[in-house]
Amino acid sequence: MSDVMTEAAGGLMLSIEDMHVYYGNIAAVKGLSLTVNHGEIVTLIGSNGAGKSTTLRTISGLLKPKKGSITFLGRPINGVAGHEIVGRGICQSPEGRRIFPRMTVEENLDLGAFLRKDKDGIASDKERVLTLFPRLQERIAQKAGTMSGGEQQMLAVGRALIGRPKLLLLDEPSMGLAPVLVDLIFDTIATIREQGTTILLVEQNALAALRIADRAYVLESGSLKLSGKASDLAKDPEVVNAYLGG
Amino acid sequence: MAGTLVARARVTRRRKMSPSAFLQKYLGYLMLALVAYWMLTKFIKSPSQFFSAALDGLENGTLYALIALGYTLVYGIIELINFAHGDLFMLGTMMSALVLSKLGVDHSSLTGWLGLVFTLVVVMAACATLNVIIEFLAYRRLRRAPKLAPLITAVGVSFILQNIALHFHGSTPKQHPSALPAASFNIGSVQINQAFLVVIAVTAPLLLLMTFIVQRTRQGKAMRATAQDQDAARLMGVNVNRTISFTFALGGALAGAAGLMYEQTVGTTSYNLGQQLGLIAFTAAVLGGIGNLVGAVLGGLLIGLIQGLNDGLPLLGQLWSQSVVFTVLILLMVFKPEGILGKPTTEKV
Ligand SMILES: Nc1ncnc2c1ncn2[C@@H]1O[C@H](COP(=O)(O)OP(=O)(O)OP(=O)(O)O)[C@@H](O)[C@H]1O
Ligand SMILES: [Mg+2]
Numbered sequence: 001m002s003d004v005m006t007e008a009a010g011g012l013m014l015s016i017e018d019m020h021v022y023y024g025n026i027a028a029v030k031g032l033s034l035t036v037n038h039g040e041i042v043t044l045i046g047s048n049g050a051g052k053s054t055t056l057r058t059i060s061g062l063l064k065p066k067k068g069s070i071t072f073l074g075r076p077i078n079g080v081a082g083h084e085i086v087g088r089g090i091c092q093s094p095e096g097r098r099i100f101p102r103m104t105v106e107e108n109l110d111l112g113a114f115l116r117k118d119k120d121g122i123a124s125d126k127e128r129v130l131t132l133f134p135r136l137q138e139r140i141a142q143k144a145g146t147m148s149g150g151e152q153q154m155l156a157v158g159r160a161l162i163g164r165p166k167l168l169l170l171d172e173p174s175m176g177l178a179p180v181l182v183d184l185i186f187d188t189i190a191t192i193r194e195q196g197t198t199i200l201l202v203e204q205n206a207l208a209a210l211r212i213a214d215r216a217y218v219l220e221s222g223s224l225k226l227s228g229k230a231s232d233l234a235k236d237p238e239v240v241n242a243y244l245g246g
Numbered sequence: 001m002a003g004t005l006v007a008r009a010r011v012t013r014r015r016k017m018s019p020s021a022f023l024q025k026y027l028g029y030l031m032l033a034l035v036a037y038w039m040l041t042k043f044i045k046s047p048s049q050f051f052s053a054a055l056d057g058l059e060n061g062t063l064y065a066l067i068a069l070g071y072t073l074v075y076g077i078i079e080l081i082n083f084a085h086g087d088l089f090m091l092g093t094m095m096s097a098l099v100l101s102k103l104g105v106d107h108s109s110l111t112g113w114l115g116l117v118f119t120l121v122v123v124m125a126a127c128a129t130l131n132v133i134i135e136f137l138a139y140r141r142l143r144r145a146p147k148l149a150p151l152i153t154a155v156g157v158s159f160i161l162q163n164i165a166l167h168f169h170g171s172t173p174k175q176h177p178s179a180l181p182a183a184s185f186n187i188g189s190v191q192i193n194q195a196f197l198v199v200i201a202v203t204a205p206l207l208l209l210m211t212f213i214v215q216r217t218r219q220g221k222a223m224r225a226t227a228q229d230q231d232a233a234r235l236m237g238v239n240v241n242r243t244i245s246f247t248f249a250l251g252g253a254l255a256g257a258a259g260l261m262y263e264q265t266v267g268t269t270s271y272n273l274g275q276q277l278g279l280i281a282f283t284a285a286v287l288g289g290i291g292n293l294v295g296a297v298l299g300g301l302l303i304g305l306i307q308g309l310n311d312g313l314p315l316l317g318q319l320w321s322q323s324v325v326f327t328v329l330i331l332l333m334v335f336k337p338e339g340i341l342g343k344p345t346t347e348k349v
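Read top to bottom, the protein sequences are chains G and B.
The numbering of the first sequence is our numbering, which starts it at 1 and goes up by one.
The numbering of the second sequence is our numbering, which starts it at 1 and goes up by one.
For the record, the hints were derived by calculation from the structure and aren't laboratory data.
Possibly wrong hints are sitting among the right ones.
SDA-like, lysine to any residue: derived pairs with alpha carbons at most 25 angstroms apart [said to hold, decoys possible]:
{"no.": "1", "chain 1": "G", "residue 1": "Lys64", "chain 2": "B", "residue 2": "Arg144"}
{"no.": "2", "chain 1": "G", "residue 1": "Lys66", "chain 2": "G", "residue 2": "Thr35"}
{"no.": "3", "chain 1": "G", "residue 1": "Lys143", "chain 2": "B", "residue 2": "Pro146"}
{"no.": "4", "chain 1": "G", "residue 1": "Lys66", "chain 2": "G", "residue 2": "Ala27"}
{"no.": "5", "chain 1": "G", "residue 1": "Lys143", "chain 2": "B", "residue 2": "Lys147"}
{"no.": "6", "chain 1": "G", "residue 1": "Lys229", "chain 2": "G", "residue 2": "Gly31"}
{"no.": "7", "chain 1": "G", "residue 1": "Lys117", "chain 2": "B", "residue 2": "Lys336"}
{"no.": "8", "chain 1": "G", "residue 1": "Lys66", "chain 2": "B", "residue 2": "Pro146"}
{"no.": "9", "chain 1": "B", "residue 1": "Lys147", "chain 2": "B", "residue 2": "Arg242"}
{"no.": "10", "chain 1": "G", "residue 1": "Lys143", "chain 2": "B", "residue 2": "Gly220"}
{"no.": "11", "chain 1": "G", "residue 1": "Lys67", "chain 2": "B", "residue 2": "Asp231"}
{"no.": "12", "chain 1": "G", "residue 1": "Lys66", "chain 2": "B", "residue 2": "Val214"}
{"no.": "13", "chain 1": "B", "residue 1": "Lys336", "chain 2": "G", "residue 2": "Lys64"}
In isolation and in its complexed conformation, chain G is listed as follows (with noise of 0.2 angstroms):
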């Protein structure tokens, strides 16, 4: 219901307003505004320390915003605890993997539905993550933590994907991968987006994340500096000075 409420809203799925997040004392998000519409690609840009993965965290709920609003498919979000969001639809694939090291690939994936019920949905999406990521398929028995980094990076995009989000959070997918392995992991996310979902793509790989993506918002020092269409922002001369190393 809330999905047909928020398509008429004009396809807005997430929203975030004037949001101020904290560590202790330190500021690290100081007033971010934005917006992600059903089916986008939206990335988030800006160089470390920016408040990257600060914002996709608070979003899963992992931190609490100070001060300001997330409101998902119309209803907020802001203080519901974490395990609950990903109830909600929002499932990240964080910065450093985080994958469960001494668990096999197949148990990592299996945590990733770990809220899901329908035992079908459950093994088709399973296929789909085997077939966009081959390399799984070959270690689903090895411990998560003896593969290499790449291969730990499918994983943890894999097993965000198979809680069938509507919004897909991923945390610098690319970091650590190969060049090879730096295009499939981006052409997957086209595809992934092709099959259906929204995704808040965080990067520090700016260029091949604009590329990619729909809209972009360009973070510094905790607040919004820039933002627009990807392909805009590609060709802004600021970005490409401070991001694009042009």
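Given chain G's structure and the hints, the job is docking chain B with the ligands onto it.
Only chain B with the ligands this time, still in chain G's reference frame:
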């Protein structure tokens, strides 16, 4: 804390061996060989005496295992050495005595058995609840605090539980009647107490159930995920607080069961019981590899066995029981600092 100690010990071991370390190592082997030799000669001389002593030891060992599981479960999930766990077990023995005396169960009969089963359920539930409350009141807030803070808190909770016991039970050990059959029978020349069989009949299914819960159920999956990475578990939709509560409930229930079995087999209990048995059970958990469930059971059985053999055969006799146990622990730590089943990266839950 033990984790870092263990880690440090391992690092030292990796370094090139100094002559004294070399000597220590071979001294260790020598002592182990002596113990093995001694056991073998006793076994050959009088197999029935050997088995009787071993069975006595195993009876205690299963209780150590139940308590050790509580330590290892909690350590596995939040890396806290819950010093209050032994005292929870102690309260379990007192609650058992209380419930049984209220029921008027003091001898073995059909009603006696029913009373015993009822008491088991009540005491397990009570200890589980108490452990959940302790976690909620004392440890939860400190989850992100430096490791020493919850550790000191646990010591404090331990004293509080002892004082509660002191208040209600008094300072002297008290004798309670047992509802277990006092009879025994013989297999060959080995005497087996019926009480021993009851202890095994209660603990073995509990241990199996425990393993099943952790390995096979959804709740167990949540426990293992929480143990490895709490935030990642949250991102999977795991209710971390509830999972930790559940873990404390499991550990508490096992301590309660151990409490009843101890109260019934030994017959006396006292406010400081938790310190003695708690320390031994904690040792069992470390011996087996803290955080490892099967390890805790093995460690418990092994310590029980060593004590039983030492007391029953006798090597140095009951008086030295503790020293013998800890000598074995120290020897084992020298060779395998991570415990019998502990992985070098401390396998958890
Ligand atoms: N747990 C924490 N405690 C205290 N400060 C933190 C913590 N995590 C992050 N910060 C601070 O908050 C700010 C934002 O951090 P955040 O991780 O959100 O940055 P980021 O944009 O994701 O950077 P990167 O691109 O390096 O991942 C930084 O200044 C960082 O030092
Ligand atoms: Mg980051």
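Just pull the numbers of the violated hints for me, sorted ascending. Of the numbered hints, 3, 5, 7, 12, 13 do not hold.
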